[in-house]
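These are the residues of each chain, in order.
Number of protein chains: 2
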Amino acid sequence: MSSARYPGAKPSLIVRKLHPENQETPIHFITGDEIDHKMFYRRNHFSYPTLTYSNYWLPINGSVVSPRIFSVQDILKLPSRTITAVLECAGNKRSLFEPKVFGEQWENGGISQGRWKGVPLRTLLELTGIQAGATEVVVEGYDYGKRTDLDNIYTYARSLPLEKALHPDTIIAYAYNDQPIPFKHGYPLRLIVPQWYGMASVKWIKQVSIVDSPFKGPFQSIDYMYYPNKENDNNSFPVTTINVNSTIQRPLNMEVLDTGKHIIKGIAWTGKGFISKVEISTDFGKTWSYANIMNQDQERYRWFSWSYEWVVLEKGDYTIMVKATDSHNQSQPTSPFWNRKGYGYNAITKIKIRIE
Amino acid sequence: MSSARYPGAKPSLIVRKLHPENQETPIHFITGDEIDHKMFYRRNHFSYPTLTYSNYWLPINGSVVSPRIFSVQDILKLPSRTITAVLECAGNKRSLFEPKVFGEQWENGGISQGRWKGVPLRTLLELTGIQAGATEVVVEGYDYGKRTDLDNIYTYARSLPLEKALHPDTIIAYAYNDQPIPFKHGYPLRLIVPQWYGMASVKWIKQVSIVDSPFKGPFQSIDYMYYPNKENDNNSFPVTTINVNSTIQRPLNMEVLDTGKHIIKGIAWTGKGFISKVEISTDFGKTWSYANIMNQDQERYRWFSWSYEWVVLEKGDYTIMVKATDSHNQSQPTSPFWNRKGYGYNAITKIKIRIE
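Protein sequences, first through last, are from chains F and R.
Be aware that the first sequence starts at 1, since it is given in the UniProt record's numbering, and climbs by one per residue.
Be aware that the second sequence starts at 1, since it is given in the UniProt record's numbering, and climbs by one per residue.
Any given hint might turn out to be false.
[Said to hold, decoys possible] Residues from chain R that face chain F, not an exhaustive set, calculated with beta carbons under 8 Å:
(1) I14
(2) Y48
(3) F183
[Stated by the list, open to error] Chain F is nowhere near these chain R residues, computed Cβ spacing over 12 Å in every case:
(4) S12
(5) V138
(6) K216
(7) T282
(8) R354
In short, the hints are calculated from the structure, not lab data.
Predicted model, so just to flag it, every value in this text is computed and none were measured.
C-beta: ideal position from N, C-alpha, C; glycine also.
If we strip away everything but chain F, and leave its shape as in the complex, we get (with noise of 0.2 Å):
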């Protein structure tokens, strides 16, 4: 009975599966462009490793001319860079798929964002040299356990193709908004692949290994590949560019407002280029306007924060619809591309509200 407490509401990750934990950001609810690590999704295949920190290395070996070993020590001393990017599960939006597809559902917060410091993939790899007729770099972490499908134990792998992994922003990564990588974000070093989908960027890092023929292994041949149709897998291809998208933060769906004036706004990213415009309708698509986008510094590799002011007087049910176009003028298609696995939605965004 002492003195009058004021409680805060805060919101928490929104657990979809704890054994392998996977959990969203509560995206609705975020503000800000460098998400707390504690609102960071998470994305397991496994259960978490379990590293001994203080014989961490990591070995660079395969089709290198000099195969190293590197202490975290090692990468520390070289010169650093820093990237702002989107990761985004290729499930997000799972679960607005129709038909329904199996797996986790997610709904609309497989997706953050932060500062991630590391060292260039490229500059270790420089210095092991690279053999002639390489085609790929392996990175492998130390997760691992037994997938549904199969009956041997496999470690998170997946590879990148030579191009992709000598980019100067393809880093591995020691450090998320100035701190350590938390422990469940890939202690000591994971990967951060910019442009492409969550998938890529490998945690808890154990071996990179060049290779001179695709790397097969079964979170790239079976799991995140496009599979068109539902009962064969002709067709297919791989997931790897985040596709054009964009999310409505407020209103929520299914929302009853007053009458009058209320702020539209929501965040839009793309894989490749940058966000040129976010379009927005209050009529179920007959009308469009265009929503003010905040941060128009069309730096690569992070989402855009946009927002609109709807006056509306008259009581009823709306559809509210979001339509993000990208720099090369790829745009949010009107139906997703269903695919059974259900990766890469990102059909125009709705929601409908009630004005009363």
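Using the hints provided, position chain R relative to the given structure of chain F.
Just chain R now, with coordinates in the frame of chain F:
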């Protein structure tokens, strides 16, 4: 780079709205019968009130013989009653209605359970006496604010018919799971009305008034009414008793599983009576089996945990359905009772899974 850490994965409340705060219990990840207060769902209509605890008094007035004002200390001295009860938001599962209805899109977590200790409201009303002609007891909370549909400021207030108010298990609670009620759940005093949906269990009680005509506050004349028609208010009737219902906690909807043995588990509950059977179908309702009900002590007000061992050898997609029946022979219906504000959803519980 010190020693390894072994991070656990923990669920949190699932945010629906922050102002006012509405967050769901992560019900699929809850074990046990007494939910920690931090995982108890929060359903507020307004901002949290600011109370002066040092000055807190509970007045009981209106059609009483002698109005009284109780201190919390007075109430603590009276004979107590402890009730373990399901509290369920009337809007629980609202997001499942088709066509969709407006309002907070509660999934399955607008439900929690724990042990409330307090004094029967009846005990206090016996001390004040009740005048002849009294018909209802109005309980008003300290929370107040503006509604989107009306101009005035309203406090959150609800009435109970005299008979329900005088039921010895309708209590003015001061403790939850042996601790003072957390502020967010109604400290220092809240009403607990077993068997009724949660809107009846008014938090932060400001006063109790006996009245002799039907109370018409908006939280029972506009909200918390079943409106069966989309376009008009015909045939509306109030939301009161919790419908027989169930939730499948595992597997998760749209989960992908191995062939072999799986435990299907969940909870079932009802307002009047107790759960008498839980039936389960793994073939879209063609055949049904009985699930094993764990706590068959027929104790009122609690949910019943159930489980079913399922051996599945054939790969493919399955629909799992669960139908609970209570001791009044009420069963979950095949189709939900659609109503415009989306209350009381209790259709047969259904998930889809894939075996691969």
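>> So, against the hints stated earlier in the document, which numbers end up violated here?
In response: 4 and 8
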